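Participant: Next come the chains, spelled out residue by residue.
2 protein chains.
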Amino acid sequence: MNDSEVVVCRLSHRPGRDDRMTTHVGLTARALGADRVVFPDNATGSAETVRDITDRFGGPFEVELSGETKALVRNWEGTVAHLTMYGLPVQDVETELREAVAAEPLLVVVGGEKVPFEVYDRADYNVAVTNQPHSEIAGLAVFLDRVFDGAELAQSWEDADRVVVPKETGKKVVEPDE
Amino acid sequence: MNDSEVVVCRLSHRPGRDDRMTTHVGLTARALGADRVVFPDNATGSAETVRDITDRFGGPFEVELSGETKALVRNWEGTVAHLTMYGLPVQDVETELREAVAAEPLLVVVGGEKVPFEVYDRADYNVAVTNQPHSEIAGLAVFLDRVFDGAELAQSWEDADRVVVPKETGKKVVEPDE
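Protein chains in written order, with the numbering used here: chain E, 1 to 178; chain Z, 1 to 178.
Just so you know, these hints were derived from the structure itself, not from any lab. One thing to keep in mind: the hints can contain errors.
Stated by the list, open to error - Selected chain E positions facing chain Z (in silico; Cβ < 7 Å):
1) H24
2) L27
3) T28
4) A31
5) N131
6) S135
7) I137
8) A160
9) V164
10) K167
Said to hold, decoys possible - Covered stretches of chain Z (chain E as the covering partner; in silico rule of three or more C-beta atoms under 8 Å from a C-beta of chain E):
11) 111 to 123
12) 133 to 147
Since we're looking at a predicted model, the values are computed, not measured. Think of the CB as a built atom: it goes at the ideal place given N, C-alpha and C, for glycine as much as any other residue.
Work out the full structure: start from the sequences and follow the hints.
Facilitator: Next comes the structure, spelled out in structure tokens:
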């Protein structure tokens, strides 16, 4: 759905402790309009879960494992936005970010423990969804919703095995028409 | 910051497995403008973490433990919005929800495993932030940002020990002026 590729990169991952958080970063990236997520190569279980959801609920969406997430940030050809509670308010930079993503690929960096200074330094935008401590998943969600200006909520999915039909009450899941 | 009280209720909690998710639900509720969060009474560690953050970064924000989260939903005097991937698109109901929160207290129900049908049935709104599986934390974040129409990003905090000053690069934390 995007003019240019939008990629979410989870910088670091602690197996066990971070499994659900990393999985939710990936699922949020997929549901809210990113084209691809990159996890550290020790996040194999999270990658599997996100791929499985993509197989069942549709794509296109890519999941990658990388041993070099910091190099990905360093060498990214396009705009780098790093989500951090120390950054500039998202509401102050979202217009610029929308223009950036129309022009060139956007890498959205979601930290973990101890983000090295080189990431702050390389980032074109250090972006804060509030300057309060909360959740990298919540920050990513609001960031994507604002950068895509809500268009991600109307995106369609290809090659889904199942489709949820919105209901006032209860649950309705159908097979896709095609 | 709200006309009426906005309360987030985490319906169920599995100690150990859900600790970080429940903590992030609480921190997201606080950072993105809710007045209070209610956790199941087995989520003591998460409650402690959210209270600690409130002590350090400011309030007002209340954390409660309850042995009767389902009864809270059942007996809520005001509007109940239940976040679920099976519900109506948030973009279709957000205007009504803004009017509702201006008029009466809003309870935002964040599920867990196996939400009983009575919650779907009691809810005035079953709301989906996309009809895709992703994260209750991401869903809550986008929901609050939309219901508050971004006003929550500009809220001020009382009785904080420390304040993060937005920076283009790096980190700046100061003591509050007062």
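Participant: Does each hint hold? Answer for all of them.
Facilitator: To see whether the hints hold, each was checked on the structure:
no.: 1; hint: H24; in the structure: holds, 4 Å
no.: 2; hint: L27; in the structure: holds, 4 Å
no.: 3; hint: T28; in the structure: holds, 4 Å
no.: 4; hint: A31; in the structure: holds, 4 Å
no.: 5; hint: N131; in the structure: holds, 4 Å
no.: 6; hint: S135; in the structure: holds, 4 Å
no.: 7; hint: I137; in the structure: holds, 4 Å
no.: 8; hint: A160; in the structure: violated, 10 Å
no.: 9; hint: V164; in the structure: holds, 4 Å
no.: 10; hint: K167; in the structure: holds, 6 Å
no.: 11; hint: 111 to 123; in the structure: holds (count 4)
no.: 12; hint: 133 to 147; in the structure: holds (count 11)
Of the numbered hints listed earlier, the single one contradicted by the structure is hint 8.
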